[in-house]
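Here the structure of chain H is known, so what remains is to put chains E and L in place on it, guided by the hints.
Protein chains in written order, with this note's numbering: chain H, 1 to 99; chain E, 1 to 495; chain L, 1 to 480.
Hints were generated in silico from the structure; no laboratory data involved. Small disclaimer: the values here were computed from a predicted structure and weren't measured. From the three backbone atoms N, C-alpha and C, an ideal C-beta is built for every residue, glycine too.
For lysine-lysine, the following DSS-like pairs were computed, each having C-alpha atoms within a straight-line distance of at most 25 Å: (1) E:Lys450 <-> E:Lys484; (2) H:Lys83 <-> E:Lys141; (3) H:Lys93 <-> E:Lys94; (4) E:Lys224 <-> H:Lys93; (5) E:Lys141 <-> H:Lys93; (6) E:Lys450 <-> E:Lys461; (7) E:Lys31 <-> E:Lys94; (8) E:Lys450 <-> E:Lys474; (9) E:Lys224 <-> E:Lys94; (10) E:Lys199 <-> E:Lys224; (11) E:Lys31 <-> E:Lys90; (12) E:Lys406 <-> E:Lys474; (13) E:Lys199 <-> E:Lys31; (14) L:Lys359 <-> E:Lys94; (15) L:Lys39 <-> L:Lys417.
One-sided and incomplete, this derived list gives chain E residues near chain H with beta-carbon spacing under 10 Å: (16) Cys38; (17) Gly39; (18) Pro48; (19) Ala54; (20) Arg68; (21) Leu71; (22) Cys99; (23) Gly104; (24) Ala142; (25) His144; (26) Asp281.
Covered stretches of chain E, as calculated for chain H (at least 3 residues, CB under 8 Å): (27) 58 to 67; (28) 284 to 295.
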Amino acid sequence: MSAQPAIDLIRLAELARLSLSAEEQAALLPQLERILAQLAELEAVPLDDTPAMVRAGAASGIARADEPQPSLPREALLARAPKPEDDFYSVPKTVGGEG
Amino acid sequence: MSAAHDPALVSPRTGRRWLAVIGLETHVQLKTRTKLFCGCEYRFGAEPNTLTCALCTAQPGALPVLNREALALAVRAGLALGADIAPLSKFDRKHYFYCDLPKGYQISQYDQPYCKGGGIALASGRFIRLERIHMEEDAGKAIHDRGASTLVDLNRAGVPLIEMVTQADIQTAAEAFEYLTLLKERLQYAGVSDCDMEKGSLRCDVNISVRPAGEAWRTKVEIKNLNSFRFIAAAIEHEAWRQIEAYESEDPAQYPVQETRLYDPERNQTRTMRGKESARDYRYFPDPDLPPVVLDASFLERERSNLSEPADSRRARYREQLGLSPADAAELTSERAASDYFEACLRAGIDARDASSWIRNELLGWVGEPELGLRDFAQLPISPRELSEVLELIRSGRIASNAGRKLLRARALAGPDGPGIAALVAQLGLEQVQDDAQLEEWCRAALIGKEKIIADYRSGKEAALNALLGPVMKQSGGRAAPEKVREILKRLLSG
Amino acid sequence: MSATLPGVEDTRARIVAGTTSAEANLRECLERIAALNPKLQAFHSVAAQSSLARATELDALLKSGAQPGALHGVPVALKSNLCASGHETNCGSRLLAGWQAPYTARAVERLLDAGAILVGMTHMDEFGFGSSGENSAYATARNPHDPERTAGGSSSGSAVAVASGMVPLALGSDTGGSVRQPAALCGIAGFKPSYGRIPRHGLVAFGSSLDCISPFARSVTDLECAMEVLSGHDALDATSIEEPPLLRIASEGALDGWRIGVPRECFEAGAGSGLDEGVRTALEAALRCFEQLGAQCVEVSLPHLRHAIATYYIIACAEASSNLARFDGVRYGVRHTAGSSLAAMMSATRERGFGAEVKRRVLLGTFVLSAGYHEAWYQRAQRVRARIAQDFEQAFEQCEVLVTPTTPSTAFRLGEKSSDPLAMYLSDVLTVPASLAGIPALSIDCGRTQGLPVGMQILGPARADTRVLRAGRAFERKNA
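Bound conformation, chain H alone:
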């Protein structure tokens, strides 16, 4: 972690599926840099071997029995879909892999 972390905004936007305009990029980059510079103060905190705390509360292995529960009716779900096609959700044609 350096005092001024390098932000590859184009790469981040691609990873996050955000198609930022040039103006947005110009506005966002300094904002993000400034925020990260502030957040970077954590670098100096002495931690010894304190383990990470992922969530509050004592973890208990809550699990459920393998009993079927009712599924949602297809109509209810597809009615909310932007572009349902027959009994499916549809998206622009892709060749497979990552979208």
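Here is chains E and L on its own, set in the frame of chain H:
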């Protein structure tokens, strides 16, 4: 490694010895009723998008809750493969965007898989080590070949999987085939999965590189779209030689690059996946919605006791303790249901050889017969007790031995509420006549006018008796007990 | 006006006693909403028809001799990130314009089963990202004490609905202060329970390890009524505490012998963004009040408090970037197509659907989780988080509860901080620590400075929700 086993691929052009370095990554669907994190029931072949809920379609606000049975089966798989089970296990989110991945992340396990180590011993004695096994949820299905859009069916989304990654220990296509065959058998017998590639409950990707014997490892290539064990072996063969030829061309532009290739079964070749993917960054972090899973000693013990005896151990036992032939043992263990049935027959008091014979020669053949409508052996409607009843009827001579088949089939078709064995014997008139007086009457009648045959028999031609058997059987409408008839005829002719 | 309106307990009592009917009471609510909402912008949708129908039904049920539920006839508002069948849950975002969830949150079901009437859905900062209500894609809710000022955020509308007397009870969600801060700025009570106390099923996730459904009301007593109904384990949330619902009766009692911990870092000028003098004065008066109740003030220290903002924003943005990945235009929401590829559709949908603050947080979150930065940023933040939790544990060895101001200042003017996201983040310094540690935190009104409300925050150890509510109720009674 025996002297006869030489995995080297010898180039016909240069005579150089090359070795293939192969690892397999296998995804197996756990045999639960419901999905990994929600209560949707999964059924192969269901109507699209009918097996989904708020959670597996990633509706805002929905939360995952672990399926206890999935965990149990996953642990059982690890035990069946001799792996070390981690006492504490967590789930991580693996991020990428795709239309069949509703949350934009897959719940998987990253740096703390629940299993490490274990593996499978091949017949040659070579051991294929597993690097790790982890649990993860399946994605849905994207369909690209129907119309102008890509269609998405989320029925599979959330189905429980385990991913088993081997070390790069496999050296030949044949070994890969054997490994997968044994893996499938091991997991089926453990009751963990059906491992049916046609139904998508087993999928396998191959990682393969080649190297000149004695030299360092080279670039590995991933192969996907392998839909049967046969194709996997063929793809490995093809790809190994493709890589060897590429290296032997000595043109660096042709050398294999790290990539994913798809196998084309029609042309029996691999080709580069279309479309270049930018480097993936999955941004793993522990899923805050799922507390860590504790796998304590009592849990492991329970799953260990749920493990049934593996197939190879049963085969050995059938051969050594029961005296069955290797062929018998192999066929009886070809699927767990058949082996379980065989052992239930033994417990019902049926002799091992009889049970084996009837299962092999009759009952196994029933699967797939349209009239009987059995999808698999586990659906067999004849209980061991009923089989035992039929065998006893034959042994005691109350029915002819070839009436057994007829009787069993009739019982199967009659259904659970239909007439039982005893009733069917009467209904079908299968009861053999054993009444000595009646039989003797028919025998005497049959002897009339058969002086030539009688003379032949008395002069030593034992086979002449057969010619007398026919008329008696005909007289009795086929219900005379043939052995008794023989006995009586002999008695009558010797007197 | 709001002081004379019946709260949760009173509303139910009057309906059950027959002094009024659920229907008549609801009509009054709807009239007040019609009069005030155009200016104050608490609600984005008001379900007049369905709520009246339900009120009529409840009246009939009572008449037929059925046992009235704990919230019988009580009108309730929901923050627009809670799922409720038949209602619009837009999360303050264009991306979910018009979206109705295909299911109802378990906590909301509990309210409805107890006889509460769902009146409508309230404005919020988009996806919970904000502390002023100005990040809503629809409208900014206004502070009833001064409509040119913020009502706080992100549960802005729900706070306003209660503070202006439109409804006696509203649900919000608190991830880093999003219920406590608006409660403080609007002069009402807001309670963030222990993490896991109320099941999160049906709450659109922002920071999964931080989010708590949290109620607003005008008194602690009313909050306790709500908590009785809302709290308790649920099998559909694997992080919900395996305990039964909180019982009010457990929180009776005085505060004799209690030690009130006062964290010095929370009162230091310069802790984050500096404490207003008016806020300091009000808090000091509140501490005197506790002493009059028999308690003793004890100075304690939370040494890692100054790292809480950085810790919180790294973790919250990381989790947010992950939780918002599902908004890809495939299965719900407003889709925008661009070009012909799937990736382009997803990017355009998110680009057009998300506001600026959402994009900032998603990018920040993606950054801190990305390869090469993950250990130095995300993992480090989780470790500092553990330290912050330890600070609280140690502090609670010396006291029963901690008291701090809820916010460093009173309600700021709209537009004052909206151009400086960092300044906005820094104002959360007093609320985020309890979120990181998962401990219960109550904000109650403790006075005015220059006419604007000041909120006091009471914190307790993990799972000691009842203790915190008890302290708050005792204070409230004394100051009634």
